[in-house]
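Respectively, the protein sequence lines represent chains A and B.
Per the working numbering, the first sequence runs over residues 6 to 335.
Per the working numbering, the second sequence runs over residues 6 to 335.
Because identical chains cannot be distinguished in the list, a pair is counted as satisfied if it fits within a single copy or across any two copies.
Derived pair list, reagent style BS3-like, types lysine-lysine, alpha-carbon separation capped at 25 Å:
hint, residue 1, residue 2
1, Lys63, Lys217
2, Lys30, Lys82
3, Lys63, Lys209
4, Lys92, Lys116
5, Lys82, Lys116
6, Lys92, Lys82
No lab work stands behind these hints: they were computed from the structure.
Below, each chain spelled out in residue letters.
Protein chains: 2
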Amino acid sequence: MTGSRAWHLASRPSGLPDMSHFELKPVDLPPLADGEARVENMWLSVDPYMRGRMNDVKSYVPPFEVGAPLQGGAVGKVVESRSPDLKVGDTVFHMMGWREQASGPAASFNKVPAMGVSDEQWLGNLGLTGATAYFGLLRVAEAKEGDIVFVSAAAGAVGSAVVQIAKARGMTVIGSAGGEEKCAWVRELGADAAIDYKAGPVVKSLIEAAPKGIDVYFDNVGGDHLDAAFAAARNNARFAICGMIEGYNAGPPPSFRYIMRVIAARIRMQGFIYTDYMAEMDQFYRDMGGWIASGRVKSRETVREGIEAAPRAFLDLFSGGNMGKMLVRL
Amino acid sequence: MTGSRAWHLASRPSGLPDMSHFELKPVDLPPLADGEARVENMWLSVDPYMRGRMNDVKSYVPPFEVGAPLQGGAVGKVVESRSPDLKVGDTVFHMMGWREQASGPAASFNKVPAMGVSDEQWLGNLGLTGATAYFGLLRVAEAKEGDIVFVSAAAGAVGSAVVQIAKARGMTVIGSAGGEEKCAWVRELGADAAIDYKAGPVVKSLIEAAPKGIDVYFDNVGGDHLDAAFAAARNNARFAICGMIEGYNAGPPPSFRYIMRVIAARIRMQGFIYTDYMAEMDQFYRDMGGWIASGRVKSRETVREGIEAAPRAFLDLFSGGNMGKMLVRL
Chain A
6 MTGSRAWHLA SRPSGLPDMS HFELKPVDLP PLADGEARVE NMWLSVDPYM
56 RGRMNDVKSY VPPFEVGAPL QGGAVGKVVE SRSPDLKVGD TVFHMMGWRE
106 QASGPAASFN KVPAMGVSDE QWLGNLGLTG ATAYFGLLRV AEAKEGDIVF
156 VSAAAGAVGS AVVQIAKARG MTVIGSAGGE EKCAWVRELG ADAAIDYKAG
206 PVVKSLIEAA PKGIDVYFDN VGGDHLDAAF AAARNNARFA ICGMIEGYNA
256 GPPPSFRYIM RVIAARIRMQ GFIYTDYMAE MDQFYRDMGG WIASGRVKSR
306 ETVREGIEAA PRAFLDLFSG GNMGKMLVRL
Chain B
6 MTGSRAWHLA SRPSGLPDMS HFELKPVDLP PLADGEARVE NMWLSVDPYM
56 RGRMNDVKSY VPPFEVGAPL QGGAVGKVVE SRSPDLKVGD TVFHMMGWRE
106 QASGPAASFN KVPAMGVSDE QWLGNLGLTG ATAYFGLLRV AEAKEGDIVF
156 VSAAAGAVGS AVVQIAKARG MTVIGSAGGE EKCAWVRELG ADAAIDYKAG
206 PVVKSLIEAA PKGIDVYFDN VGGDHLDAAF AAARNNARFA ICGMIEGYNA
256 GPPPSFRYIM RVIAARIRMQ GFIYTDYMAE MDQFYRDMGG WIASGRVKSR
306 ETVREGIEAA PRAFLDLFSG GNMGKMLVRL
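In isolation and in its complexed conformation, chain A is listed as follows:
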């Protein structure tokens, strides 16, 4: 049958992965059984959380298996179908990324809603990325109009969505990013202030940018950013802990000089995964769709070309190689 290539996990990294941990290999796509479909992928998503799946530890998603194809968000077109639920030409979102073609039961592919947006949005602001920003900010941190919000990695995929959602909802926003170019873009997105974490200690910059303190912290980074948020938190501040990219690739355990402020300021810190809020996806599509249509939420992608580019695109997430959402176009 049709040949197709897929990136496999060659071995488990212990610190920062490199190209040796990935292997691009042909995979057989057996003939479809009844109820199955085959999809040609057009866009692949690479996301920091995937690093966690390369470890052999139980987490909210099972670890990748050594020698097996990697997985991840993807958008593609149905090219063959033996299911009444999918027809050739349908655009679908699914989790069999890191490969050229994917096949399986029709239920593993989700037809994207007819919203007249470009395909790659289903991996970005209308996908995992946007949903993570939306539910983290509005449900987990219960951010509301008038709040002062701090978001780390604000030039990243999730962070840039948080900045824009917060502004659409009438909040004051301080974003952190690495370098002046990224900070300029964070301000362009509407942030009231942008902190360049490479230019000096985050805690100092944050206290200058938010002299009255912060009500909400949306954490993508952990480490010094989280410690700065402890230092700057106002009473009853809420922290939504989405990611701690600083700690994904080992290194010494992070230390926190200001964690004791949790008590006096009654800080509430809460970890989450966007899938906890699947029951509310309709509301997310309605709000986010509206913001995108009105131009309040814009997307920006860093696009790498071709299946060969996928591991490098992924690795570059950990050195800040992306502005907005990192995608691979096939």
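With chain A fixed as given, assemble chain B onto it according to the hints.
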């Protein structure tokens, strides 16, 4: 007028305080104005949180002033009154501790409810200590029947109350304490397991004692105990952060190897002060009064004698010198 002695803050400590930071000096008690009362203290409370008030930082209570008498919980008897609300012989709870006699507006003294308990209970299980345990466990951490609860400093004043409340409400309880004698007492209080944190790494002992993980962590300690709780947390675990005694006296900032589990396990961590729940004190008195009357909650005090003993009693809190509530009897 009547002379009385009070402990004053002689200077601000930077790390662990010592006797040189305290000074016992006579204070004048001027004649009472209309509406005022004078109280002879019988019991003084010393509590870890007082260390924070020795620093010159804004917190949930104002800092102690250098050269002024220290403050803290106390129980005494009215010896003179120019208020219709208090009569000589009334037993009152108030915050002008660290001294032999206290005077002020009648409103600064609270007549203790008629519950037939010994006076010192109003500084212990029916006072700040018990209320902190009760609201932290049941409101902040929302602990419920069947939960697996971990509490640090379980042989301390608050911790020993947490152990007993948790057992009264049908939870499984693991308490940590320093040394075999304290651990034995924690088990006597009803804990299902006691961890001696001096005998080995907390994280290892906790995972052995709670192989299925923990639903709730009541933190009095911070540092390695909090990190162990991150490691052992089950999905949707709730942490009530009451104190971090490890960090009260400076030292290097604590580091957390397992903090990233906040995300995958959706841990919720919340700081609190018992005064946030003053509106619910009636319910606390009803529940705690019932548990004391039925013998489900017992109290144990470490009692030091005489006003001179107060600073040493306080300092000994930081080296584990108390079993249960540390009190000074005048």
